[in-house]
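Here the protein sequences line up with chains A and B, keeping their order. Residues are numbered in this note's numbering as their position in the first sequence, beginning at 1, plus a constant of 552. Residues are numbered in this note's numbering as their position in the second sequence, beginning at 1, plus a constant of 552.
Simulated from the structure, these hints should not be mistaken for lab results. From the three backbone atoms N, C-alpha and C, an ideal C-beta is built for every residue, glycine too. A portion of the hints provided could be inaccurate.
[Said to hold, decoys possible] Output of the computed footprint for chain A on chain B, the stretches with three or more beta carbons under 8 Å from beta carbons of chain A:
id : stretch
1  : 868 to 876
2  : 931 to 945
[Unchecked claim] Straight-line C-alpha distance at most 25 Å; calculated SDA-like pairs for lysine to any residue:
id : chain 1 : residue 1 : chain 2 : residue 2
3  : B       : LYS892    : A       : LYS948
4  : A       : LYS997    : B       : ASP834
5  : A       : LYS1017   : A       : LYS1052
6  : A       : LYS948    : A       : ILE905
7  : B       : LYS609    : B       : ASP834
8  : B       : LYS701    : B       : THR735
9  : B       : LYS1052   : A       : ARG908
10 : A       : LYS1010   : B       : ILE905
11 : B       : LYS826    : A       : GLN671
12 : A       : LYS863    : B       : ASP834
13 : B       : LYS999    : A       : SER1061
Number of protein chains: 2
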Amino acid sequence: MKKIIFSTLFSLLLTHVLIAQTKVEKWDIYELTLNGPSTGNPFVGTTFTAHFTNGDKVYEQEGFYDGNGKYIIRFMPDIEGTWHYVVNSNKSDLNDKKGSFVCTAATKDNHGPVRVAEQYHFKYEDGKPFYPFGTTIYEWPFQDATTKKQTIETLKSSPFNKARFLVVPPYKEKYIEGPLKITEFPFTGTNKSNFDFSKMNPEYFKKLDSCVFQLRSLGIEADIILFRPYDKGKWGFDMMGQEVNRRFTAYIIARYAAFRNIWWSLANENSFIKNMNDEDWDDLFKLVQEKDPYRHLRSIHNADVIYDYSKLWVTHVSYQYYNVVKSPTGTAMARDIYKKPVVNDEINYEGDIESRWGQLTGEEMTFRFWNAVIGGGYATHGESYKVSPWISYGGKLIGSSPSRIGFLRQIVESNPVGYLEPIDHFFENNMAGKEGKYYLIYFGKDKPNKWDFVLPKKGLAKGSKYKVEIIDTWNMTIKPSDKTFEVIPMPGNNYKFIDKNNSSIKLPSKQYIALRIFKVSDGGKVSVDDKNEL
Amino acid sequence: MKKIIFSTLFSLLLTHVLIAQTKVEKWDIYELTLNGPSTGNPFVGTTFTAHFTNGDKVYEQEGFYDGNGKYIIRFMPDIEGTWHYVVNSNKSDLNDKKGSFVCTAATKDNHGPVRVAEQYHFKYEDGKPFYPFGTTIYEWPFQDATTKKQTIETLKSSPFNKARFLVVPPYKEKYIEGPLKITEFPFTGTNKSNFDFSKMNPEYFKKLDSCVFQLRSLGIEADIILFRPYDKGKWGFDMMGQEVNRRFTAYIIARYAAFRNIWWSLANENSFIKNMNDEDWDDLFKLVQEKDPYRHLRSIHNADVIYDYSKLWVTHVSYQYYNVVKSPTGTAMARDIYKKPVVNDEINYEGDIESRWGQLTGEEMTFRFWNAVIGGGYATHGESYKVSPWISYGGKLIGSSPSRIGFLRQIVESNPVGYLEPIDHFFENNMAGKEGKYYLIYFGKDKPNKWDFVLPKKGLAKGSKYKVEIIDTWNMTIKPSDKTFEVIPMPGNNYKFIDKNNSSIKLPSKQYIALRIFKVSDGGKVSVDDKNEL
């Protein structure tokens, strides 16, 4: 019997330490490495799966071939206690290997994978809300060590908790020659004439492992993108055919599903990939559903033709539709259409490049984030300055929006009512919160000099008292109004409540002002919406 | 053998004239009446279908029982020439009846049923574009003769070419007693305690026949609504159970499908009907698909929960989502999501009632219509003044929007390029037309004092010349600018063309201004969008 080699997560950092893993914390990775045949093509025709059991709970986790005769299974235990496993394989060297380990409690910053919560939002598996404030660093895995390190340092002090990036680089001259020349590709071979799409290249993926792991260490979700256009007919990664697409997808799932911070983004701008159609995408979604034991979030990022995000296997909308975030209405509407969380994953980028999708001011980027949030959804940042093309390579952030996005994130995360929902949103379009308890009102590009205290009646009760704070979303200040407001039904209006003294709030006649309104005491009977009336 | 009775369309006007129909024009109704058994319950268990054949073309048309032993088949021939038919029935009195008639050419105002055209639009079957400018008269079939006559007179001189109304009245006190007391219901019986949902009431439907026919005579599409909430637990028409729902639907199809002006609207505010769920609606849609030989348009009108209009059996979106029409973006987005025509069938109503959905000014109603059109879709009018509740009963129109809607309709119908599509709509949101040829630009509530001649580059060629007209959408004036503009690429901008002299147009600093721009001469090579860039 061949020796079973246990390795720890250090292997992800490319340091193989051959010690037996006997303990692993919840939602961390238990990694099992077996020696097996290195002859033939282990990527095709080898079945290699382990059943992990803990009481009634059973997971089937596929393994992957890591080169040099090494076969790896990565498993993410999700309950504490002793897990037993047994390996099934059609290779006798691998078959029937057994073992066990103990899963211990999750430690401080480990909250598990992110799930959909309350239909339109997200939470970690331990119940902690997760509000995505993502950024975009498409090609960061393919940069030099210095840039990658700088990217990690930048992310550490940024407000971003999700990063979108490509598993396969776009075709660019800089990756063909010069200091960034790419020598390892996802498949064996070095160019179109000698790629062997039947053989993955483990060395390529070991580098990617490290990227995903580093993000996990920072508490950043890795929204990894499996397919992309941008091939220019040079490498052929966008036209491999569905059999290869499936094998590629299955390999990535086997390799990365055990990372708790993984989100599956099947493609970037999928409708620009002319060799794949909706049937192919549906098929890959179903494959992910079948192969990922942990049910990580699944979406796809559209270009000019919008994929039908209402399909059952899509967990959340991953939009590219810039007009959606030019007011709060679009995101609220997308929620009502798809009945899922809406993440506006591309809303143009802050920057100064020639392409118009990369010319936003920091003000406009911040404005679009606020609109997404007031619409009950989320947005993703990107920065594309000529001198610092963060969306492509990572490195430094030099824009003015990240700090404002961080300020918004604080406001969202510190609100007292949990997830923000659009309020009275068939008629209103500038407020979110929870009726009667908390309101976030955003004036966008309007420059009001005052705000009359008027709120939609739902959830309000005569006599309840409210405090208001004035938020300058650009200058990042929050100033409390010294008044307390007591609400009564608005005379002659069946839909609104007002302050009993008809009070107003003075506002600074500037753009990008918001209000937040907290309930400070209870009143009488709460109003509810009339039935059967929009 | 019983005598076969032929009746003409006069029967629809409640005048039975017993002459044999030997000729009928294309898309008119060939009506065949047979005598059969009047015992038992002819509404359940009787099969009664005719096959109509003309060369290779075969239609199967179900008949319906019309009371007093009369069985009727209504057929809409769609090609000229001799049609032969044979009746199949499980009642021997009806079975194997045969005959033929000649279908003649359509006459002047008969263009056939309306179909979807160019994905987002409509045309009559003869190819003439149909631009829906609808109105709403929910309960007009249930009013007194004077009001109904007045409604028809009003429609005759209105801009509206589609009318939405209910097949079953809402429960209201006025229909229980007093001059409008309803004595005929869709089913036999007079109240909840004695309705027999297994038996339709033909007398009820004869009155409805006349309503659909009168609209047809005016060239108005009848967007008939099969189910509705608004029952208040009094009659039970919203909780009959799916078997009855299906029989009711099949009866209506058999009775009305041969009217070329029919659109099927499965429900109004379907999500307010608590006893029916999406599965029921899907099932009814499939039933309509199966039973309607002529494939009339099919949709359903949502309330708080949006039905998935991307489902295959839905031909067009029939939206109630007010924010969609507060800018052109919403309609354009709905097109991109559903990939179908978008008709905003409820956008609130012009009026002064206490309910906020009936408080629009004429200006706001007109504004919302323009937004729908600039978004590449359509809208439906309604009027709800206290003194003149048109949306409920018909009668007179007293609002200020209909004439402006008529003005917009003229502009839409007289444009030189056919259907209007949103232009450069991932970035722009105020223009529709056809790139390079025709632009309709709408400024909505903005009050610009000038417009710099700047257009998105797609379709433009250096040296092409354009004329501009300034439209006051409220005062219904169109004033040509005396300048001619010659376009060149905008220096330093890769996305725009401008006038070579940097010319502007002076505008009146008022709300609700639009421009229309016509090409008057050709220039050089036309620009197209860069590939793979949004």
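Run the structure past the numbered hints and jot down the numbers of the failing ones, going up. Of the numbered hints, 2, 3, 4 and 7 do not hold.
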